[in-house]
Amino acid sequence: MIANADALLKPLTIKGLTIRNRVMSTSHAPGYGKDGKPQERYQLYHAEKAKGGIGLTMFGGSSSVAIDSPAAPWAQISVADDSVIPHFQRFAERVHAHGAKLMIQLTHMGRRTKWDTENWFPTISASPRREPASRTIPREMDRNDIRRVVKSFADAVRRCKEGGLDGCEVSAAHGHLIDQFWSPSVNQRGDEYGGSLENRMRFGREVLEAMREAAGPDYVIGMRMSGDEMIADGLSHEDCVAIAADYVKAGLVDFLNVLGGQARDHISHAISLPNMSFPVAPFLFLPSAIKREVDVPIFHAQRVTDLATGARAVAEGHVDMIAMTRAHIADPHLVNKLIEGRDDDIRQCVGAGYCIDRIYVGGDALCIQNGATGREAFMPHVIPPAPVKRKAVVVGAGPGGLEAARVLAERGHAVVLFEKADKVGGQINIAAKATWREALSGIPRWLHAQVLKKGVDLRLGTEATAESILAEAPDVVILATGGAPIKGYAKGAEHVVTTWDVLTGAVEPTGTVLLYDEIGGHNAASTAEVLAKRGCLVEMATHDRMIAEEVGTTNQPVHLRELYKLGVVMSPNMELIEVYPEGNRLIAALRNTMTEAEEERVVDRVVADYGVLPVDGLFRDLRARSANDGETDLDALVAGTPQPALGKGGFALFRIGDAWSGRNIHAAIYDALRLCKDI
Amino acid sequence: MTDTTLSLALVLYALAGFAGVAAFRRARAWRAGQPARVDWVAGLRALPRRYLVDVHHVVGRDPFTARMHALTAGGLLAGSLLVLLSPLPGLGGSRLFWGVVALLFAAMLAGGAMVRRRRVPVTPPRLSRGRFAFLPLLLIGYAAGALLVALDGASGGWLWPLGWLGLWLAAAAGLGLVNQIERGPMRHVVAGALHLAAHPRPGRFEGRRETALAPLDLDAPRLGTETPADFAWNRLLGFDACIQCGRCEVACPAFAAGQPLNPKKLIQDLVATLEPGGSNAAYAGSPYPHARPVAGRGGPDQPIIGREAMIHPDTLWSCTTCRACVEECPMMIEHVDAIVSLRRHQTLELGAVPEKAAPALAELRYADDAQGRPLAARTDFAAGTPLPLIAARGEAEILLWLGEGAYDMRHGRSLRALLKLLHLAKVDVAVLGPEERDCGDLARRLGDEATFQRLARENVATLARYRFARILTADPHALHVLRNEYPAFGGHYEVVHHTAFLDELVAAGRLAPGALALAGVTYHDPCYLGRYNGEVDAPRRLLDRLGLDRVEMARHGRRSMCCGGGGGAPLSDVEGETRIPDLRMEQAKATGAGIVAVACPQCTAMLEGVTGDRPEVRDIAELVLMAVEAAPARPTRQPEPVA
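Residue numbers (the working numbering), protein chains in the order written: chain G, 1 to 679; chain B, 680 to 1322.
Everything labelled a hint here was simulated from the structure, so no lab data went into it.
Treat each hint with caution, since some may be false.
[Stated by the list, open to error] In silico SDA-like links for lysine to any residue, alpha-carbon gap of 25 Å or less: (1) G:Lys10 to B:Ala1070; (2) G:Lys10 to B:Gly1051; (3) B:Lys1105 to G:Met379; (4) G:Lys454 to B:Met1305; (5) G:Lys10 to B:Pro1065; (6) G:Lys37 to G:Glu140; (7) B:Lys1035 to B:Lys1105; (8) G:Lys337 to B:Arg1095.
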């Protein structure tokens, strides 16, 4: 049991709305919106949290109130017309059925959106100052624009109320329209909406007054805002406290949802959505400071990954509600697990940022370690028992093998899990050795505890062979043997060492190192940091247009920041073509992918990352003896039906994760979950 | 009459006289106590029944001992009485009469042999040694001697040499037995009989549980018991009724956990204080485990509790008030009443409460909750579920008394399950919410009678403002207090435990549980439900309705073992060798059950605190909810016919 748990489990009443506990999820855009509406998938995703005991779940990050703030970019929600109301009603029903409250975020994105989508309207803002993140230069709003947008907010809140939502917040954070008016970094107007802070607050005040007018005195309306923009020409902490105090004093808001930073460019975006390189709750001091000045409940989210931290934040009076948004993506049932004394069973968010990073490349939010999140319609968060109990052997205790063993054990099968290393974790153990990537080790730590709890026969330090597997007389054999790194395709590749060699300590490079990356993932970038921190002079070359191109928006800026700080030379658009020794050093030949100009480097080491290829020795040994020739039935996998090879005599053989094909952690875990849930 | 039989009669008259003197001398010690209202007529009239039915109901739990006692006591009393009657004309001359007497003493001889047999080859630890080791020889000697005389009488004097031998034997052993009346085991014969007639809780013999503590007069010059003379005289008599059989010792959870409490020794310590300059040196039974050093001296006007007195405070505070000793005592001694009375003095007069109990009592005094939590927070556990306040409506069919457990996260789960079931069964239920104060159980068991009475009066006044048919609670401690102890303060309520209420709902078809396929379940009876209120059937019936594979622990029902959570024991926290809940959980584990079903927030907390591999702890409400949720959707069942 965590300390101060009782502080989290006290209800909070805002204007007659009683929220059953102090744990919430903030509005975000998981990319599940369909036609601008929160439909089945979106609703089930939040209903799962409600089922899991959350007090308040807020949805629809950046839901737009007006048609010149398009909902399309991140598959968001449009509250700009009444057609959304029936969806709200169904949504509220689903969440209320489990005792949780449901609210939405309303906003106009101003300049922070795209003009070249949906209705192709120009973006608008307080002043025509370009935002680096959205790459748009907005049109300066005139009186008509202001009047129209204010009315849009008022109409939108009416739709929320008619839709049965328990309340809403306006977004005045992350550089949306209201805080574009507030922030001197955007607002350079000379009229009554610009200049003094008093004037800059005017637009937001008009919005909130109009909303109150439309929604009546009892409807809960809050505001999300920054406690400090943390940029030189932006809002200072004192400005933010003044704004909060002013709006609260005027009775305009019923709660404040306070965060740190804003999001106008890559690094500020990464800071406002802190990844695992940050300590937990890095900006808790901001809501805490504002709470001292105002008398409305204060909400806060920002890397509160564990209930103990959340409980401390509430118990010590820094905040009234603690938002654990990504923590719920990792485990939507975390509150119930706390209440039921099963807090050890909580799958804790590691801060990989996989969920959010996918959204910014137009994908849907998925959890790096929980294959069921966002797939509630067909993937279970609680694994039901199997009708027929079988004997299963899983080989490899990396994330895929652990998840397979966990799910099979939850199904009630007898599971033997072989792992040739003396600890579980597989490739994550290697990745976690790289500086701030350490928190990845939380993924196998939870899985390890779960498989032990569920009675999996875990055999560490035991390399499986065809004979030892068959000796178990299994009905199912799942190979999660992972992948092995390759040295690549350059001439003289035998002189290359891999990122694995560096991270595992097999090779300890010194002097000058050329790190060549063909993947663009975390692997090479984090290895470059490790090398530079150890004192090597590092040049990082990549075939891509930039370093770590495949890494998402909340992680890549952190890699770049670290590489710059460490003096790593970054050379994009280069291909490694040859490596050969010269004396006791190596010559690496690079070719510019654009100009085809060739360059040479004299280095002490060439380290490369070309990804992994499957470790498939066991597969080749077992394939002919299996009932299904080692073939996974893809149609059954997608349909969510048992593999046809099961129960046909002999054993069915499957591969998952990198043993099937080298991909990522989520792929390995999802392979395991979707296969094993039907075994 | 033969010479021998006549002589025996004369000897017995003399012995009876000596016995009377000894009893009278001992009675002076009881007179030191306070006056008590005793209905002597009813008590004496009921005595045979109390002795033959109620006492033997307890004794009969051990059939060997029951036979032993029936033979020994029956033979002794009936045989001796007949001998005393033998001078009456027409009796002593009858050979048949002496044949009957011989049979009775033969029976006593067999009984005496059984008394001896219990100690061969090894005296069980629960039995006392010392004077008790000598007792079987006296019984056998007296029985054998009287038997020989009676045989002589039955033979018409033919066996006169054996008759004379027997006479001397009976006289000598009889004198030995009489000598045991003032200080030895035979005291129990006299004190026991009188105690049964003058018992302070006569309702116990009339089928009532009668477990409520009596209110203390807070205006009395001295509060609670400091010296033996502060006890009512019939309480002192009750202590003397003890025969040191050690059944209480075997049943006591604190004793089992190695805490410094042994109810038998406690009673004997109290007995030892009845004489001026009394000492516990003669006691020859099991000591208090890890006994704290005390002077071991006392007297009728000397303090009982203290390092310089007879009983160490740790002994007093080790008790969980579970009443297992009372339940096991064949002489119906009221150990818990004595302990609470002693605690009252410690708490109210001396402020000498255990370290961790002091802040809890202070919070109860000032904030009406033992942890000083806001009363309105009692309903926090139910946030998000409908829970009407009775203040808003004035009336409800069922008033749900939430109790202290509502503040606890774990018990909150049980209460949420209960609320959900009540909701499903469409029960018209409401709570007092911020108007519910602590029921006062903790304060009362810790001896803070003043706080208890204040809480009781305030709760009674609150309840008087509302209309409801019954009070429902999931807390047996609250149930006991509300049902049995509030009447003394003018609060008369029908109080139902949630297990009984859920059982009603299922029987009436208002809840339709499906069958639960769970690893076996064993039910742990809460002391305040099972022993204090005799409710042992409804929880079991309810579990059986869920289709559970139910197994019993060796100790169950009214003879169940405490979880260690009652009487403020978790606050007193007297160090022992192990913890009571660990012992109880071991017993649950030994049944092979995967689940321990509980029905009390204290039991839940204590058993959930047991670490390591163990069965899971589930309140019965949680199991019922699981079963209801597992049930396939179908119309509710037809109500069962009323039996």
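Results for each hint:
1. Distance check on the hinted pair: Lys10 of chain G and Ala1070 of chain B sit about 22 Å apart at the alpha-carbon level, within 25 Å; holds.
2. With a CA separation close to 16 Å, the supplied pair Lys10 of chain G and Gly1051 of chain B stays within the 25 Å bound.
3. Only pairs whose Cα atoms come within 25 Å are accepted, and Lys1105 of chain B paired with Met379 of chain G is rejected, the gap being roughly 34 Å.
4. Pair hint Lys454 of chain G plus Met1305 of chain B holds up; C-alpha atoms about 21 Å apart against a cutoff of 25 Å.
5. Distance restraint check for Lys10 of chain G and Pro1065 of chain B: the Cα-Cα separation of roughly 15 Å lies within the 25 Å cut-off, and the hinted pair is therefore satisfied.
6. Distance restraint check for Lys37 of chain G and Glu140 of chain G: the Cα-Cα separation of roughly 29 Å exceeds the 25 Å cut-off, and the hinted pair is therefore not satisfied.
7. Taking the CA atoms of Lys1035 of chain B and Lys1105 of chain B, the gap is near 42 Å; set against the 25 Å cutoff, the hint is violated.
8. Of the supplied pair hints, the one linking Lys337 of chain G and Arg1095 of chain B holds, its CA atoms being roughly 15 Å apart against a limit of 25 Å.
Comparing the model with each numbered hint stated earlier shows that hints 3, 6, 7 do not hold.
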